[in-house]
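Participant: Each chain, written out:
Protein chains: 4
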Amino acid sequence: MNTITPAKAAFGFDPKDDLNDLRMSEKATPLYEHVKRFVHETVAPMSEKFHKLGEGRADRWGYAPGQLELLEEAKNQAKKEGLWNFFLPDAETGEGLSNLDYAYIAVELGKVPLASEVMNCSAPDTGNMEVLERVGTPEQKERWLKPLLNGEIRSAFAMTEPDRASSDAKNVGMSAVLENGEWVINGEKYYISGAGDPRCKIMITMVKTSPDAPPSRQQSQILVPIDTAGVEILGPMHVFGEDDAPHGHMHIRFTNVRVPESNMLLGEGRGFEISQLRLGPGRIHHCMRSIGQAERALDLMVRRGLSREAFGRKIAWLGGNVEIISRARIDIEAMRLMVLKAAKAMDILGNREARVWVHMVKAMVPERVCQIIDQAIQMHGATGVSQWTPLSRMYTGQRTLRIADGPDEVHHLVVGRNEIRQYEGGGEDQTSGVVWRN
Amino acid sequence: MNTITPAKAAFGFDPKDDLNDLRMSEKATPLYEHVKRFVHETVAPMSEKFHKLGEGRADRWGYAPGQLELLEEAKNQAKKEGLWNFFLPDAETGEGLSNLDYAYIAVELGKVPLASEVMNCSAPDTGNMEVLERVGTPEQKERWLKPLLNGEIRSAFAMTEPDRASSDAKNVGMSAVLENGEWVINGEKYYISGAGDPRCKIMITMVKTSPDAPPSRQQSQILVPIDTAGVEILGPMHVFGEDDAPHGHMHIRFTNVRVPESNMLLGEGRGFEISQLRLGPGRIHHCMRSIGQAERALDLMVRRGLSREAFGRKIAWLGGNVEIISRARIDIEAMRLMVLKAAKAMDILGNREARVWVHMVKAMVPERVCQIIDQAIQMHGATGVSQWTPLSRMYTGQRTLRIADGPDEVHHLVVGRNEIRQYEGGGEDQTSGVVWRN
Amino acid sequence: MNTITPAKAAFGFDPKDDLNDLRMSEKATPLYEHVKRFVHETVAPMSEKFHKLGEGRADRWGYAPGQLELLEEAKNQAKKEGLWNFFLPDAETGEGLSNLDYAYIAVELGKVPLASEVMNCSAPDTGNMEVLERVGTPEQKERWLKPLLNGEIRSAFAMTEPDRASSDAKNVGMSAVLENGEWVINGEKYYISGAGDPRCKIMITMVKTSPDAPPSRQQSQILVPIDTAGVEILGPMHVFGEDDAPHGHMHIRFTNVRVPESNMLLGEGRGFEISQLRLGPGRIHHCMRSIGQAERALDLMVRRGLSREAFGRKIAWLGGNVEIISRARIDIEAMRLMVLKAAKAMDILGNREARVWVHMVKAMVPERVCQIIDQAIQMHGATGVSQWTPLSRMYTGQRTLRIADGPDEVHHLVVGRNEIRQYEGGGEDQTSGVVWRN
Amino acid sequence: MNTITPAKAAFGFDPKDDLNDLRMSEKATPLYEHVKRFVHETVAPMSEKFHKLGEGRADRWGYAPGQLELLEEAKNQAKKEGLWNFFLPDAETGEGLSNLDYAYIAVELGKVPLASEVMNCSAPDTGNMEVLERVGTPEQKERWLKPLLNGEIRSAFAMTEPDRASSDAKNVGMSAVLENGEWVINGEKYYISGAGDPRCKIMITMVKTSPDAPPSRQQSQILVPIDTAGVEILGPMHVFGEDDAPHGHMHIRFTNVRVPESNMLLGEGRGFEISQLRLGPGRIHHCMRSIGQAERALDLMVRRGLSREAFGRKIAWLGGNVEIISRARIDIEAMRLMVLKAAKAMDILGNREARVWVHMVKAMVPERVCQIIDQAIQMHGATGVSQWTPLSRMYTGQRTLRIADGPDEVHHLVVGRNEIRQYEGGGEDQTSGVVWRN
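So the protein lines, in turn, are chains C, Z, Y and P. Residues in the first sequence are numbered consecutively from 1, following the UniProt record's numbering. Residues in the second sequence are numbered consecutively from 1, following the UniProt record's numbering. Residues in the third sequence are numbered consecutively from 1, following the UniProt record's numbering. Residues in the fourth sequence are numbered consecutively from 1, following the UniProt record's numbering.
I should point out that these hints are in silico values taken from the structure, not numbers from a laboratory. A few of these clues could be false.
[Claimed, not checked] Have a look at the derived ranges for each label pair, beta carbon to beta carbon:
# : chain 1 : residue 1 : chain 2 : residue 2 : range
1 : Y       : G235      : C       : D14       : 57 to 65 Å
2 : P       : P113      : Z       : G235      : 22 to 30 Å
3 : C       : E152      : Y       : A58       : 20 to 28 Å
Note that CB positions come from ideal geometry on N, CA and C, so glycine has one too.
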């Protein structure tokens with residue numbers, strides 16, 4: 001007879017469990033509807049003008065005249081309508097959107113790339129604001145959180161290093177040494193997203209402060225203003241040839257960069273602890289948006305398949321194409337349910353307990369979405385790799401997600417380890433250093 | 001800008017939609033708990049005795065002395081405790097278990113193979129009883145439904161034919177011709193599951209009555225008592241070498257088999273229509289049980305991986321094994337959510353509208369479960385293919401499911417077609433003849 | 001008992017068959033060694049200078065001062081050393097390199113991108129020269145073949161159209177109508193590789209001249225000088241954001257383009273016939289180079305895997321990475337043998353009989369090479385998608401090959417059809433319009 | 001510029017290298033033709049009679065009257081015609097069939113299962129005879145090799161143990177202790193193929209004699225007559241429910257089994273060394289036969305696809321089936337070339353240097369052949385899993401090969417390690433204990 005193993009129990013397979021209620025709450029409905037309308041009626045037309053203005057601009061790493069004004073106007077409108085900073089729980093009551101509710105809203109945000117910024121809900125600012133809100137000193141909050149919450153400046157998160165395998169979060173090479181009340185920082189970071197934007201003023205920077213401490217207590221996170229002497233932006237990193245100006249994924253060298261001792265976040269050796277805090281609604285953004293990308297790719301695939309003929313039939317009906325379309329639909333629905341369940345798990349079990357769900361969806365979604373976009377490319381023939389469809393851009397974006405915030409392999413290690421652990425008292429642990437940035 | 005395509009709407013991606021509430025109902029809780037307890041406390045020990053009695057039996061195609069008595073006793077107990085026929089909605093009020101609730105209960109039924117029969121909820125009787133309940137004449141109900149509901153006899157469903165591609169339900173070769181108030185039936189059927197059981201008395205048989213009618217009106221379903229003259233059981237079909245005696249998947253020849261005109265179900269040419277009725281809770285059984293099999297395979301895989309060492313490490317931690325385990329867990333959770341959503345869709349949208357969900361899970365689940373079992377086999381080395389684990393039996397069972405009730409390819413055709421159809425007024429339709437048996 | 005089926009025979013499985021001798025010929029050895037040395041000692045250093053000169057150039061769609069001089073110098077050197085046009089069989093004797101010998105040499109050519117051009121063996125000139133050599137009139141040869149053979153001009157092949165599924169070669173939309181002794185051409189072509197180069201003077205253009213003829217007699221190939229009135233280069237098509245200037249994959253509109261009647265190649269309605277002639281050594285280039293790309297990706301993958309550590313081990317040894325490396329090696333060797341066998345088959349059986357082998361390798365190689373490069377990217381983490389490795393460029397190049405010269409699906413259709421055909425007298429033929437360009 | 005890496009060199013990519021000449025030798029032609037004729041004219045009809053005689057036999061673990069006589073007659077005929085023991089190189093001159101020539105002959109042997117035995121070329125006898133030939137003492141040869149060479153007895157090779165991961169050949173649990181001039185052996189072995197045959201008289205048994213020696217010097221191989229006291233055959237192991245009587249894959253317990261000290265092969269602690277000797281033509285058998293199985297599966301797949309219709313078309317032409325057929329053909333050809341190349345590598349480089357080629361084909365072939373057979377099953381619908389085609393037997397046979405002689409994973413580890421090693425001075429070695437049995 002088959003017995004119920006611990007594994008099953010661990011995945012909350014209790015029929016009546018609220019984990020299985022994946023509906024958006026009644027409470028969030030008005031906000032959801034409002035965001036949807038605002039994206040459609042305000043952000044979308046603004047966005048079109050914004051991009052038109054930018055097309056001929058002289059400096060790809062800056063903004064064209066009128067662009068920022070347009071953006072500010074929309075941001076002010078969002079503030080006025082109360083669509084501002086809703087990613088962040090109330091500082092005093094702790095109340096805010098549930099992860100599940102936010103997941104549904106993220107789909108709407110994902111429909112126009114500028115929407116998140118207009119409502120001040122865009123990465124990596126969201127994660128940075130959360131961290132400052134939770135562990136910042138009053139001075140740090142006044143100096144950096146306030147302008148961030150007001151949308152006056154932007155920020156970056158400097159974690160990945162060019163000469164280390166970042167899949168292991170213990171692999172931090174950049175050193176920070178305390179000298180005369182100042183942290184002196186040396187090293188290199190790369191793929192610092194958003195650091196190319198002229199409005200980016202502050203970086204939360206992961207450094208190694210305590211090389212002799214136990215592995216998980218060696219790292220710290222420090223606030224480094226981007227204009228500090230010794231911070232040298234070497235150039236933008238490309239993603240399949242694209243530099244993503246003016247946002248940019250910058251390569252930065254730190255040479256004897258000095259910041260006041262008080263720029264330390266939370267305390268020396270507590271960098272890991274802070275990373276755990278970065279587990280908020282932001283995480284769900286990416287996966288819900290990836291699913292949005294997959295929907296779009298499937299939509300383009302079918303439309304193309306019906307608009308071209310070969311060998312006397314529409315190509316959607318040729319060979320294995322119907323099955324490719326079927327598998328895309330099935331997997332999109334399965335991924336959507338998994339992301340919603342992960343969001344719900346965070347709401348009910350808390351970030352710590354729900355962690356394996358988050359790793360599951362991060363391991364599952366971008367890999368499969370890449371494949372669906374790739375199949376859409378194939379259905380388009382040469383047009384699929386061209387500038388005439390968004391597919392190649394979508395592909396490279398999703399391809400990068402299979403590496404960013406931990407490569408697929410690391411997420412599978414965590415999920416597999418979690419499964420195995422239920423059968424042992426302990427065992428080999430290869431992956432204890434896994435953290436994510438967002 | 002990405003717009004909401006019809007496809008998305010069609011998949012009910014409305015955040016507040018009850019389709020996304022996958023919890024078992026409060027109402028079903030007592031039954032669920034009762035079944036769970038009954039399986040554990042009554043069926044499981046009975047089952048062990050039953051199989052022991054059968055081991056040395058002279059006639060593999062019959063039962064050993066004492067076996068049927070044991071079974072009857074358990075069935076009486078189930079009746080007494082009210083755990084009987086609960087698969088079937090109330091004949092008058094139409095009330096019954098929702099598909100979602102039944103899906104959760106099916107998991108418990110699946111834990112001991114005899115449990116379904118003990119509670120009179122085993123295929124193909126369930127589907128046959130549903131059909132008789134809905135379309136049977138008073139005489140047909142009296143003669144066949146009553147003893148089936150009482151668990152006095154068993155039944156079979158004769159659809160698949162050896163010389164036709166059964167993936168296309170229009171491919172019925174067996175003819176039935178009306179002569180002097182009797183249907184005269186000629187042809188062959190195979191893989192008639194359950195027809196080997198000495199208690200099997202009646203077959204619902206798919207025949208071609210109207211070869212000149214439009215394709216979907218050519219077929220009929222007729223009641224054929226298994227002891228009718230001309231019904232010749234040629235032998236059992238094997239499944240990877242296994243004959244599954246005494247249940248059996250029989251190969252049957254019909255030579256001038258004559259049954260009264262009144263044995264026709266619903267009416268001449270309405271065989272397809274009846275097939276649509278066979279869309280009940282039974283459908284969800286298989287997929288929920290498949291997931292149970294995957295859970296069991298994963299459980300065995302991990303246990304084995306921790307009990308053997310090679311090259312100085314437990315094999316669960318070697319090479320790609322952790323990732324294999326991770327992918328199994330992720331896909332099991334995704335499949336479970338999909339099956340539950342399909343059940344819920346049937347409850348809310350009705351069988352017709354929910355049809356594509358059912359095809360999605362049938363296309364998705366057995367294929368992936370086969371692969372998980374196969375990986376568990378590989379983790380066991382030679383023991384994995386041996387009689388020392390249930391894995392090879394589990395594999396061949398699941399492998400067969402990829403063919404039974406329509407091969408994977410047909411389900412993908414339906415799902416892909418549904419996706420494509422949303423973009424056209426109509427278009428080529430290759431798969432209109434798809435029906436399932438259960 | 002298993003009998004020898006026609007299929008086996010058809011694949012030449014005769015143990016002593018010379019098809020199985022995949023060694024380069026003795027005869028070709030001196031040329032092979034010479035090319036190898038020339039690429040290493042002459043082309044490689046020239047190439048470095050060439051690219052340095054081009055870096056700052058004002059016009060991306062032209063050449064920087066000194067670039068073409070450098071190239072001409074190397075070409076003259078190649079001519080002087082007898083390393084010129086060796087892709088082409090002797091016009092009179094028909095003697096030339098075998099496909100197998102050329103395949104081995106192509107590997108060496110592939111090691112430095114400029115090498116082919118320096119020895120006048122680069123696509124699409126090679127195919128165009130072959131066609132002119134075989135079917136050109138004396139006037140056509142004098143006017144276009146001579147300067148091509150001398151490396152004085154370059155050429156293009158205009159086949160693909162933006163609004164047709166080019167997988168079906170019958171799908172030619174561009175019309176050519178004879179008026180007063182001139183062909184008047186109207187339509188659009190895109191992905192015309194090489195048409196961006198200022199030295200490109202002539203295009204062989206696929207047109208539809210006879211819409212009422214049987215499908216395979218409707219098309220013709222016509223010589224169109226690129227500076228003819230009405231030829232409008234609309235712009236470069238991108239490949240994953242890359243425009244490949246100044247070579248370019250151009251989008252060209254033809255509006256009432258008039259060329260003399262004598263520009264027709266071979267004869268009206270014989271466009272297909274000419275396409276069959278384009279089956280020469282050029283075809284093998286791509287696949288041998290793809291394998292070279294896979295070798296390089298594997299090399300980079302292993303080096304990276306040994307240069308980074310995570311969780312206390314070099315990442316090459318982590319998780320499933322060793323198996324990924326193993327599978328890459330195995331598949332590279334298998335692909336190499338298949339390409340060599342295809343080349344040998346062309347040598348022994350002739351292009352027509354060997355056709356299915358060519359389709360087999362075209363269907364097999366680019367798909368798998370894409371995957372190997374993708375795995376190398378993953379092993380590199382963020383660096384893998386950056387400008388710091390050639391991997392993203394390699395990927396997009398190979399990805400495009402899965403579409404160019406017929407998408408994978410079409411090659412599989414031809415191979416599968418060939419297999420099925422051996423069992424039938426005829427049957428449905430979906431793919432008779434398949435031709436390749438090169 | 002791409003440079004030639006050591007890896008490429010290591011794979012002998014020298015165009016003129018004889019490694020690339022995969023033709024059977026002229027010398028072997030007469031034998032090849034003779035075997036082919038003999039299998040067709042003599043073995044095939046005998047085989048049919050043999051199986052007919054066996055059908056009703058009382059003892060499944062013995063032979064029916066007349067069966068062995070029939071076999072002996074055919075064996076005598078083979079001897080008379082000189083078709084006997086040709087797997088074995090001449091004891092004095094060392095001359096014999098090359099591996100490549102033998103590979104081609106193995107295809108013919110594989111066409112009728114009894115053919116190998118009739119010509120005394122069947123496993124595991126071939127490997128055992130080779131070992132005895134090379135390392136046996138005169139007494140051992142007289143006692144065991146002679147009757148084996150004469151086909152008077154049969155033998156087994158006892159290596160795998162039920163409670164160890166046999167993927168690591170150092171995992172030998174069975175102990176042999178020297179007491180008073182006798183080895184006393186205790187432990188269990190399973191999957192001892194051929195030990196069920198009443199003619200099996202001797203087992204070469206892998207034991208651990210020196211637990212304190214370095215890992216690769218702890219094992220020894222000892223001759224154990226199957227009728228020695230203490231050898232207890234517990235029963236046959238099943239393979240997907242099949243026991244393969246009377247050959248059998250036996251589970252055997254050794255309890256204080258005593259054999260003379262002189263039964264040791266080669267010397268104490270030299271068990272590994274002997275395993276290296278077992279690298280002979282036998283290895284190639286399996287892979288060539290697997291390819292034969294794939295050919296047969298593809299043949300059945302296409303025939304079925306042309307004999308059934310659904311949705312108005314033959315199913316071979318439906319959906320992705322043409323592509324499935326194409327991929328099967330492509331992979332069969334690629335596998336065939338790889339196996340031939342591995343055979344040639346053994347001939348030219350010697351077993352030691354060619355080792356990685358052998359691991360490559362063992363990792364590559366059975367996995368893919370399983371998949372092709374599985375696809376043939378799917379094309380057959382329910383008939384595919386039934387007793388009406390050989391497919392389910394073929395599947396389980398190939399599935400087992402993915403485990404036997406080392407699971408796929410171990411072969412990939414060896415191949416991947418070999419690739420990585422070319423870049424390092426040494427590095428982590430997980431797999432040094434890999435040996436094969438055959």
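Participant: Compare the structure with each hint and give your call.
Facilitator: Do the hints match the structure? See the list:
1. Y/G235 with C/D14: 57 to 65 Å: For C/D14 against Y/G235, whose Cβ atoms are near 60 Å apart, the range 57 to 65 Å holds.
2. P/P113 with Z/G235: 22 to 30 Å: Since P/P113 and Z/G235 have Cβ atoms about 25 Å apart, the given range 22 to 30 Å holds.
3. C/E152 with Y/A58: 20 to 28 Å: About 40 Å separates the Cβ atoms of C/E152 and Y/A58, which means 20 to 28 Å is violated.
Hint violations for this structure: number 3 only, all remaining hints satisfied.
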